[in-house]
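J.: What follows is each chain in one-letter form.
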Amino acid sequence: MTGRTDRRLDPDELLRRIQAEERRKRRGRLKIFLGYAPRVGKSFRMFDEGRRRKERGQDVVIAAAQSDVAGPVHEIVSQLEIIPSLDGAIDVPGVLRRRPQVCLIDQLSFNNPPGSRHAERWQDVEEILRHGIAVISAINVQYIREQQAAVEGFTGKRALSSVPEKFLHEADEIEVVDAPPDVTMGDPRVLAELRELALLLAADVVDRQLQEYLDSQGVSVNWGAQERILVCLTPRSDARAMLESGRRNADRFHGALLAAYVEQPGLDPADRARLDEYLALAREAGAEVHCLKGGDFAETLLAFAHEQRITQLFLGHSQRERSPVEKLIDAAEDFDVRLFPHTGAS
Amino acid sequence: MTHPMEHPMKHPGKLKVYLGYAAGVGKTYRMLDEAQALRAQGIDVVVGYFETHRRKETIARAEGLEMVPRRVIAYANSSFEEMDTEAVLRRRPAVAVVDEFAHSNVPGSKNTKRWQDVHELLDAGIDVLTNMNVQHLESLNDQVWHVTGVRVRETVPDWVVDEADEVVLVDLTPRALRNRIERGVVYAPEKARLALDNFFAEGNLTALRELAIRHTAHEVEERLTAPPRDDRILICLTGSPSSANLIRRGKRMADYLQADCLAVHVAPSPEVGDTVERHMNFARNLCIQTHVVEGGDVPRTIAEFARAHRVTQIFVGRSGPRPWWKKFGETIVQQVVRQSRDIQITIVAQRRR
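Chains A and B are the protein sequences, given in the same order.
Residue numbers for the first sequence follow the numbering used here, so the first one is 86 and each next one is one higher.
Residue numbers for the second sequence follow the numbering used here, so the first one is 30 and each next one is one higher.
Derived by calculation from the structure, the hints in this document are not laboratory data.
One thing to keep in mind: the hints can contain errors.
Claimed, not checked - Partner residues are not named here, just some residues of chain A that face chain B (Cβ under 8 Å, in silico):
hint : residue
1    : A105
2    : R109
3    : A264
4    : L285
5    : A310
Everything numeric in this text was worked out from a predicted model, so none of it was measured.
For glycine and all other residues, C-beta sits at the position ideal for the given N, C-alpha and C.
Model the full assembly from the supplied sequences, consistent with the hints where possible.
T.: Laid out in structure tokens, this is it:
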């Protein structure tokens with residue numbers, strides 16, 4: 086079967102995974118509802134899940150809820166047990182003493198008042214998880230630290246509190262709360278930008294989960310849920326056009342852009358200089374740059390493309406018969422090969 | 030010989046599509062939820078078609094909504110029920126709920142596809158709420174097969190979804206979905222075990238979910254930007270079965286790159302065979318302009334056509350394995366590449382299992 090190979094892990098990597106797995110087993114499960122604006126219904130979805138779990142017999146408590154909830158959320162909140170806050174922050178010792186199975190925590194990005202156990206609420210959540218209690222929480226994309234610059238670009242505002250994106254990636258599950266913005270929520274353009282940002286962030290989290298799942302099964306499969314573009318740089322290729330196209334392609338598909346060159350012995354100084362210039366261009370374009378060592382050009386590139394789950398390989402047109410390009414086209418069964426004219430060819 | 034593409038036109042009714050990634054994520058439920066909210070606001074909502082799948086929660090959510098009776102169609106000694114589009118049109122509600130957008134109607138129906146029925150409602154100024162899974166998108170057909178091993182038969186052309194006024198993601202984590210299946214919410218118990226081991230395996234669900242999230246992001250972005258159109262993609266059609274894969278991939282690329290898309294078949298005579306005609310039809314259904322060009326020298330004709338039409342990228346399928354007597358000759362792909370070194374050429378992967 087093409088594209089499927091057993092993957093051998095080195096012992097350190099294996100040990101790291103086993104340790105991570107054990108840590109995870111002792112830790113409570115974390116589930117996060119991710120939204121893009123207030124009032125898309127995150128809190129409702131979170132509390133509703135708590136209600137349904139309680140109906141199925143799980144021991145569910147609320148450790149943090151907004152005070153001004155109205156309507157359907159209020160209705161659910163009033164039916165669940167609440168552990169009151171302690172001086173404006175989650176009562177972590179109280180939660181640990183109570184030891185519920187599931188703890189509902191709204192407003193994950195909350196800043197605790199000075200003098201609290203932890204400065205930020207997500208750190209409280211960490212501690213609760215470490216004690217084996219499951220947590221369900223909710224957050225909007227504008228409170229994810231690494232997304233705040235982009236958010237500020239659309240909205241002109243930056244939230245004062247935030248949660249590191251790493252925390253989202255460590256969650257066992259995240260669920261997107263999507264709804265088209267309605268007119269009362271604000272500028273539709275800004276909301277659409279935020280909505281796209283939240284969706285793309287979720288897609289990245291899911292892509293990592295997919296990768297982890299595949300790794301845990303010991304297979305590398307070209308699943309192709311994400312477009313991954315590899316630009317192959319050679320001294321004679323029209324690197325500028327290829328990288329521009331690659332960047333646009335990666336942007337439009339929200340995919341990954343990689344660039345690679347295969348080390349060639351005896352490169353003359355002019356070619357060497359050109360190649361260095363292309364590598365700088367690639368880094369400027371935001372590509373992940375790889376220098377590959379290997380005897381055979383086509384085989385080295387092919388192996389790398391498979392390892393990296395490449396879906397599109399960008400190459401320069403061959404300039405002679407029986408070139409490695411032809412060999413690559415023949416062998417590349419499970420990704421697209423896009424050939425580019427050389428500079429000056431028109 | 031040129032077939033112009035049918036331009037999608039703006040309908041007076043508004044279309045909202047709830048997009049999911051598998052049965053049981055809650056698409057129908059969300060749609061009915063919205064219908065109930067509209068009804069509570071005093072808006073005239075009817076259910077044109079609704080598939081209960083005998084799910085209790087879903088049935089309860091439809092309570093109080095007016096249902097337009099289905100039409101019974103006899104076919105192959107059985108009777109089938111379809112949406113009674115004429116009856117919905119006569120009823121003229123403000124909003125109609127139509128489940129399972131990708132459904133194929135039974136032979137004998139007026140339209141072959143439910144999305145065509147929906148277009149009739151939209152044309153009459155009726156707003157429609159509908160739903161589908163990402164795997165029903167035509168352009169993802171090969172990719173989904175590659176990921177899940179399932180060849181989805183009921184598909185919707187991408188442009189139909191692109192022209193929807195709103196696309197909303199209905200998300201559920203694979204773990205929650207698998208729990209639902211285990212609890213028998215989605216399927217009967219004997220079917221549930223089978224489902225969990227096959228299509229609903231965690232890897233499959235995770236990959237499909239990622240596709241659904243990314244596609245929704247794409248739809249949101251499409252509605253944000255007015256695209257420049259300076260790229261032109263040319264798909265080279267042949268009678269080979271792999272042409273379907275080639276068409277989907279080329280069109281998907283064109284859609285994402287916001288490029289024009291055309292297809293050409295080069296033949297020694299203007300008469301083309303059935304397979305080629307089927308591929309041409311398929312391309313036209315996806316809004317690709319198709320051409321048949323007479324010519325003996327295929328690679329040269331393609332190169333000339335591409336230059337004459339200011340094509341920026343040529344899409345070709347992979348050549349099959351070479352027979353022994355041609356081991357040292359050039360494949361068609363190699364010839365096309367040799368003739369068009371001034372144009373970008375994409376050789377499309379087969380995306381087989």
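J.: Against each hint, give a clear statement of whether it holds in the structure.
T.: Each hint, compared with the structure:
no.: 1; hint: A105; in the structure: violated, 18 Å
no.: 2; hint: R109; in the structure: violated, 14 Å
no.: 3; hint: A264; in the structure: holds, 6 Å
no.: 4; hint: L285; in the structure: holds, 5 Å
no.: 5; hint: A310; in the structure: holds, 4 Å
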